[in-house]
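Colleague: FYI, in this note's numbering the residues of the sequence shown are 2 to 278.
Hints in this document: simulated from the structure, not taken from any laboratory.
Glycine is no exception: its CB is placed at the ideal position from the N, C-alpha and C atoms.
A portion of the hints provided could be inaccurate.
Simulated restraints, written as ranges between beta carbons of each label pair [what the hints assert, rightly or not]: (1) 164 - 11: 33 to 39 Å; (2) 26 - 217: 46 to 52 Å; (3) 276 - 216: 51 to 57 Å; (4) 198 - 81: 22 to 28 Å; (5) 25 - 206: 31 to 37 Å; (6) 25 - 216: 49 to 55 Å; (7) 175 - 209: 22 to 28 Å; (8) 19 - 120: 19 to 25 Å; (9) 7 - 64: 18 to 24 Å; (10) 92 - 60: 24 to 30 Å.
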Amino acid sequence: MRPARIREMAGMAAVESAVLGASGGILHAFSTRQGGVSRPPFATLNLGQSVGDDPAAVAENRRRFFGAFEIDAGRVVRVWQAHGNGVVRVDAELAGRPGFPGCLMDERGKFDALITQLPGLALTVSTADCLPILIHDTVRRAVAAVHAGWRGTAQRVAARALAAMRDAYGTDASDCRAAIGPGIRGCCFEVDAAVTDAMAAALPDWERHAQANRPGHWLFDLAEVNRSILESAGVRDDRIEDVGLCTSCRNELFFSHRADKGRTGRMMNFILLKADR
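Given only the sequences and the hints, what does the whole structure look like? Please build it.
Modeller: As C-alpha coordinates, then:
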(Lines of atoms letter the chains of each structure in order from A and count residues from 1; the text may use other names and numbers.)
(Lines give C-alpha, C1' and ligand atoms only; values in the text may rest on other atoms or scores of the structure.)
Protein backbone atom coordinates (compact mmCIF):
# COMPACT_ATOMS: atom_id res chain seq x y z
CA MET A 1 0.00 0.00 0.00
CA ARG A 2 1.40 3.39 -1.00
CA PRO A 3 0.67 6.62 0.86
CA ALA A 4 -2.16 8.41 -0.91
CA ARG A 5 -1.53 11.75 -2.51
CA ILE A 6 -4.14 14.30 -1.47
CA ARG A 7 -4.03 17.18 -3.92
CA GLU A 8 -5.22 20.65 -2.92
CA MET A 9 -6.67 22.69 -5.77
CA ALA A 10 -8.99 25.67 -6.03
CA GLY A 11 -10.12 25.26 -2.43
CA MET A 12 -10.86 21.56 -2.90
CA ALA A 13 -9.09 18.32 -2.08
CA ALA A 14 -8.87 15.25 -4.31
CA VAL A 15 -7.02 11.95 -4.00
CA GLU A 16 -4.71 10.78 -6.77
CA SER A 17 -2.97 7.47 -7.43
CA ALA A 18 0.77 7.37 -8.01
CA VAL A 19 0.43 4.14 -10.00
CA LEU A 20 -2.11 5.62 -12.39
CA GLY A 21 -0.31 8.94 -12.55
CA ALA A 22 2.92 7.24 -13.59
CA SER A 23 1.32 5.65 -16.64
CA GLY A 24 0.62 8.95 -18.41
CA GLY A 25 -2.07 9.50 -21.01
CA ILE A 26 -4.94 9.88 -18.55
CA LEU A 27 -6.52 12.19 -16.01
CA HIS A 28 -8.02 10.70 -12.87
CA ALA A 29 -9.11 11.63 -9.35
CA PHE A 30 -11.13 10.46 -6.37
CA SER A 31 -13.14 13.39 -4.97
CA THR A 32 -13.54 14.27 -1.28
CA ARG A 33 -16.23 16.18 0.61
CA GLN A 34 -14.18 19.38 0.88
CA GLY A 35 -14.49 22.56 -1.16
CA GLY A 36 -18.14 22.75 -2.20
CA VAL A 37 -21.25 24.76 -1.38
CA SER A 38 -23.70 22.13 -0.09
CA ARG A 39 -25.10 22.46 3.42
CA PRO A 40 -25.25 19.71 6.06
CA PRO A 41 -25.76 16.81 5.90
CA PHE A 42 -24.27 17.11 2.41
CA ALA A 43 -21.49 19.53 3.34
CA THR A 44 -19.80 20.51 1.29
CA LEU A 45 -18.67 18.97 -2.05
CA ASN A 46 -21.61 16.65 -2.62
CA LEU A 47 -21.59 15.46 -6.24
CA GLY A 48 -24.63 13.17 -5.99
CA GLN A 49 -27.96 14.28 -7.45
CA SER A 50 -30.20 11.64 -5.89
CA VAL A 51 -29.56 12.14 -2.17
CA GLY A 52 -31.90 15.06 -1.46
CA ASP A 53 -29.43 17.93 -1.83
CA ASP A 54 -30.25 21.23 -3.55
CA PRO A 55 -29.80 20.57 -7.30
CA ALA A 56 -28.24 24.01 -7.77
CA ALA A 57 -25.62 23.22 -5.14
CA VAL A 58 -24.82 19.88 -6.77
CA ALA A 59 -24.47 21.56 -10.16
CA GLU A 60 -22.09 24.14 -8.72
CA ASN A 61 -20.08 21.45 -6.94
CA ARG A 62 -19.72 19.48 -10.17
CA ARG A 63 -18.73 22.61 -12.05
CA ARG A 64 -16.01 23.30 -9.47
CA PHE A 65 -14.70 19.76 -9.28
CA PHE A 66 -14.57 18.90 -12.95
CA GLY A 67 -13.62 22.46 -13.86
CA ALA A 68 -10.48 22.08 -11.76
CA PHE A 69 -9.43 19.42 -14.28
CA GLU A 70 -10.70 21.46 -17.26
CA ILE A 71 -13.39 18.87 -17.98
CA ASP A 72 -16.63 20.16 -19.47
CA ALA A 73 -19.88 18.89 -17.95
CA GLY A 74 -20.85 17.46 -21.33
CA ARG A 75 -17.90 15.06 -21.14
CA VAL A 76 -18.80 13.55 -17.76
CA VAL A 77 -20.33 10.08 -18.15
CA ARG A 78 -22.39 8.59 -15.31
CA VAL A 79 -24.30 5.36 -14.85
CA TRP A 80 -27.31 4.37 -12.83
CA GLN A 81 -25.53 2.08 -10.36
CA ALA A 82 -27.20 -1.12 -9.23
CA HIS A 83 -24.71 -2.81 -6.83
CA GLY A 84 -24.19 -5.54 -9.40
CA ASN A 85 -21.65 -6.42 -12.08
CA GLY A 86 -23.10 -4.91 -15.24
CA VAL A 87 -20.56 -3.29 -17.58
CA VAL A 88 -21.37 -0.69 -20.23
CA ARG A 89 -19.08 -0.03 -23.19
CA VAL A 90 -19.07 3.67 -24.01
CA ASP A 91 -18.48 3.59 -27.76
CA ALA A 92 -19.06 6.01 -30.63
CA GLU A 93 -22.61 4.75 -31.19
CA LEU A 94 -23.57 5.32 -27.56
CA ALA A 95 -21.78 8.67 -27.44
CA GLY A 96 -23.74 9.76 -30.50
CA ARG A 97 -27.17 9.20 -28.96
CA PRO A 98 -29.41 12.20 -28.23
CA GLY A 99 -29.01 13.34 -24.64
CA PHE A 100 -25.58 11.76 -24.16
CA PRO A 101 -23.99 11.60 -21.67
CA GLY A 102 -26.86 11.95 -19.18
CA CYS A 103 -27.08 9.04 -16.75
CA LEU A 104 -26.66 5.81 -18.66
CA MET A 105 -29.50 3.36 -18.21
CA ASP A 106 -31.21 1.79 -21.18
CA GLU A 107 -32.77 -1.47 -22.27
CA ARG A 108 -29.61 -3.25 -21.17
CA GLY A 109 -30.25 -2.24 -17.56
CA LYS A 110 -28.17 -0.56 -14.89
CA PHE A 111 -24.40 -0.70 -14.64
CA ASP A 112 -21.59 -0.67 -12.10
CA ALA A 113 -18.65 -0.39 -14.49
CA LEU A 114 -17.88 1.63 -17.61
CA ILE A 115 -15.19 1.02 -20.23
CA THR A 116 -14.05 3.08 -23.21
CA GLN A 117 -11.33 3.79 -25.74
CA LEU A 118 -12.83 7.18 -26.59
CA PRO A 119 -10.60 10.07 -25.50
CA GLY A 120 -11.91 13.07 -23.61
CA LEU A 121 -14.71 11.31 -21.71
CA ALA A 122 -14.61 11.23 -17.91
CA LEU A 123 -15.98 7.83 -16.85
CA THR A 124 -17.35 8.18 -13.32
CA VAL A 125 -18.70 6.13 -10.44
CA SER A 126 -20.29 7.55 -7.29
CA THR A 127 -19.43 6.31 -3.81
CA ALA A 128 -19.94 6.91 -0.09
CA ASP A 129 -18.27 3.78 1.40
CA CYS A 130 -18.25 1.44 -1.61
CA LEU A 131 -14.93 1.18 -3.41
CA PRO A 132 -14.14 3.02 -6.62
CA ILE A 133 -11.65 1.18 -8.83
CA LEU A 134 -10.02 2.89 -11.81
CA ILE A 135 -8.19 0.88 -14.48
CA HIS A 136 -5.90 1.93 -17.35
CA ASP A 137 -4.76 -0.39 -20.14
CA THR A 138 -1.54 1.34 -21.13
CA VAL A 139 -1.06 -0.70 -24.33
CA ARG A 140 -4.52 -0.73 -25.91
CA ARG A 141 -5.28 2.74 -24.53
CA ALA A 142 -8.50 1.90 -22.76
CA VAL A 143 -9.88 2.83 -19.35
CA ALA A 144 -12.50 1.61 -16.89
CA ALA A 145 -14.28 2.97 -13.84
CA VAL A 146 -15.74 0.40 -11.44
CA HIS A 147 -18.13 0.69 -8.47
CA ALA A 148 -17.48 -2.19 -6.06
CA GLY A 149 -19.68 -2.48 -3.00
CA TRP A 150 -19.97 -5.78 -1.20
CA ARG A 151 -22.61 -7.08 -3.62
CA GLY A 152 -20.59 -6.11 -6.67
CA THR A 153 -17.45 -7.52 -5.08
CA ALA A 154 -19.20 -10.85 -4.47
CA GLN A 155 -20.07 -10.78 -8.19
CA ARG A 156 -16.45 -9.95 -9.10
CA VAL A 157 -17.36 -6.73 -10.87
CA ALA A 158 -13.72 -5.66 -11.31
CA ALA A 159 -12.92 -8.92 -13.11
CA ARG A 160 -16.03 -8.47 -15.25
CA ALA A 161 -14.77 -5.03 -16.30
CA LEU A 162 -11.39 -6.47 -17.29
CA ALA A 163 -13.09 -9.26 -19.24
CA ALA A 164 -15.22 -6.68 -21.07
CA MET A 165 -12.06 -4.72 -21.93
CA ARG A 166 -10.46 -7.91 -23.25
CA ASP A 167 -13.47 -8.73 -25.40
CA ALA A 168 -13.91 -5.17 -26.71
CA TYR A 169 -10.33 -3.97 -27.07
CA GLY A 170 -8.04 -6.99 -26.78
CA THR A 171 -6.87 -5.90 -23.33
CA ASP A 172 -4.30 -8.08 -21.58
CA ALA A 173 -4.78 -7.55 -17.85
CA SER A 174 -1.00 -7.68 -17.31
CA ASP A 175 -0.77 -4.41 -19.26
CA CYS A 176 -3.19 -2.66 -16.90
CA ARG A 177 -2.67 -0.39 -13.94
CA ALA A 178 -5.39 -0.18 -11.28
CA ALA A 179 -6.13 2.02 -8.28
CA ILE A 180 -8.48 1.14 -5.44
CA GLY A 181 -9.79 4.42 -4.09
CA PRO A 182 -11.18 5.61 -0.76
CA GLY A 183 -13.83 3.35 0.74
CA ILE A 184 -14.83 1.77 4.02
CA ARG A 185 -12.07 -0.51 5.29
CA GLY A 186 -11.80 -3.58 7.45
CA CYS A 187 -11.38 -1.40 10.53
CA CYS A 188 -14.97 -0.14 10.21
CA PHE A 189 -16.88 -2.45 7.85
CA GLU A 190 -18.70 -4.84 10.18
CA VAL A 191 -20.85 -7.37 8.33
CA ASP A 192 -23.17 -10.23 9.17
CA ALA A 193 -23.91 -13.59 7.61
CA ALA A 194 -25.81 -12.07 4.68
CA VAL A 195 -22.53 -10.61 3.43
CA THR A 196 -20.27 -13.51 4.30
CA ASP A 197 -22.66 -16.02 2.72
CA ALA A 198 -22.62 -14.01 -0.52
CA MET A 199 -18.84 -13.81 -0.41
CA ALA A 200 -18.44 -17.52 0.32
CA ALA A 201 -20.45 -18.41 -2.77
CA ALA A 202 -18.10 -16.44 -5.02
CA LEU A 203 -14.84 -16.29 -3.08
CA PRO A 204 -13.89 -19.54 -1.36
CA ASP A 205 -11.05 -17.86 0.55
CA TRP A 206 -13.17 -14.97 1.89
CA GLU A 207 -12.17 -15.77 5.48
CA ARG A 208 -8.62 -14.57 4.71
CA HIS A 209 -10.10 -11.08 4.46
CA ALA A 210 -12.38 -11.20 7.51
CA GLN A 211 -11.83 -10.96 11.24
CA ALA A 212 -14.39 -12.24 13.74
CA ASN A 213 -15.65 -9.29 15.77
CA ARG A 214 -18.61 -10.50 17.82
CA PRO A 215 -20.98 -13.45 17.50
CA GLY A 216 -22.28 -13.61 13.94
CA HIS A 217 -20.34 -10.53 12.81
CA TRP A 218 -17.03 -9.93 11.07
CA LEU A 219 -14.84 -7.00 10.10
CA PHE A 220 -14.43 -7.38 6.35
CA ASP A 221 -11.70 -5.92 4.12
CA LEU A 222 -13.29 -5.16 0.75
CA ALA A 223 -10.13 -3.53 -0.57
CA GLU A 224 -8.02 -6.64 -0.05
CA VAL A 225 -10.69 -8.81 -1.64
CA ASN A 226 -10.73 -6.57 -4.70
CA ARG A 227 -6.95 -6.59 -4.89
CA SER A 228 -7.12 -10.40 -4.95
CA ILE A 229 -9.80 -10.27 -7.65
CA LEU A 230 -7.67 -7.95 -9.80
CA GLU A 231 -4.62 -10.17 -9.33
CA SER A 232 -6.55 -13.34 -10.17
CA ALA A 233 -7.77 -11.60 -13.34
CA GLY A 234 -4.16 -11.00 -14.37
CA VAL A 235 -3.24 -7.52 -13.13
CA ARG A 236 0.29 -7.51 -11.72
CA ASP A 237 0.60 -6.84 -8.00
CA ASP A 238 3.08 -3.99 -8.52
CA ARG A 239 0.56 -2.28 -10.80
CA ILE A 240 -2.24 -2.23 -8.25
CA GLU A 241 -2.43 0.64 -5.79
CA ASP A 242 -4.71 0.74 -2.78
CA VAL A 243 -4.81 4.35 -1.58
CA GLY A 244 -5.59 3.03 1.90
CA LEU A 245 -8.08 5.69 2.97
CA CYS A 246 -11.13 4.69 5.03
CA THR A 247 -14.22 6.78 4.35
CA SER A 248 -15.64 5.98 7.78
CA CYS A 249 -12.46 6.72 9.76
CA ARG A 250 -11.81 9.87 7.70
CA ASN A 251 -15.36 11.18 7.79
CA GLU A 252 -14.09 14.76 7.89
CA LEU A 253 -12.60 14.17 4.43
CA PHE A 254 -15.10 11.76 2.86
CA PHE A 255 -18.81 11.07 2.80
CA SER A 256 -19.61 7.79 4.56
CA HIS A 257 -23.02 6.14 4.41
CA ARG A 258 -22.23 4.19 7.56
CA ALA A 259 -20.57 6.94 9.62
CA ASP A 260 -23.23 9.46 8.59
CA LYS A 261 -26.03 6.98 9.33
CA GLY A 262 -27.38 6.88 5.81
CA ARG A 263 -27.98 10.58 5.12
CA THR A 264 -24.96 11.99 3.36
CA GLY A 265 -23.50 13.10 0.06
CA ARG A 266 -21.57 11.26 -2.62
CA MET A 267 -18.08 11.44 -4.02
CA MET A 268 -17.46 11.05 -7.75
CA ASN A 269 -14.40 9.24 -9.01
CA PHE A 270 -13.27 9.53 -12.61
CA ILE A 271 -10.76 8.43 -15.21
CA LEU A 272 -10.34 10.11 -18.60
CA LEU A 273 -8.25 9.01 -21.56
CA LYS A 274 -6.34 11.93 -23.05
CA ALA A 275 -6.30 12.42 -26.80
CA ASP A 276 -3.15 11.46 -28.69
CA ARG A 277 -0.97 14.44 -29.47
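Colleague: Are the hints correct? Go through all of them and say.
Modeller: Hint-by-hint comparison with the structure:
1. 164 - 11: 33 to 39 Å: holds (38 Å)
2. 26 - 217: 46 to 52 Å: holds (47 Å)
3. 276 - 216: 51 to 57 Å: For residue 276 and residue 216 the Cβ distance comes to about 56 Å; the hint holds.
4. 198 - 81: 22 to 28 Å: holds (27 Å)
5. 25 - 206: 31 to 37 Å: Holds, at about 35 Å.
6. 25 - 216: 49 to 55 Å: This hint holds: roughly 50 Å between Cβ atoms.
7. 175 - 209: 22 to 28 Å: holds (23 Å)
8. 19 - 120: 19 to 25 Å: Holds, at about 23 Å.
9. 7 - 64: 18 to 24 Å: holds (21 Å)
10. 92 - 60: 24 to 30 Å: This hint holds: roughly 28 Å between Cβ atoms.
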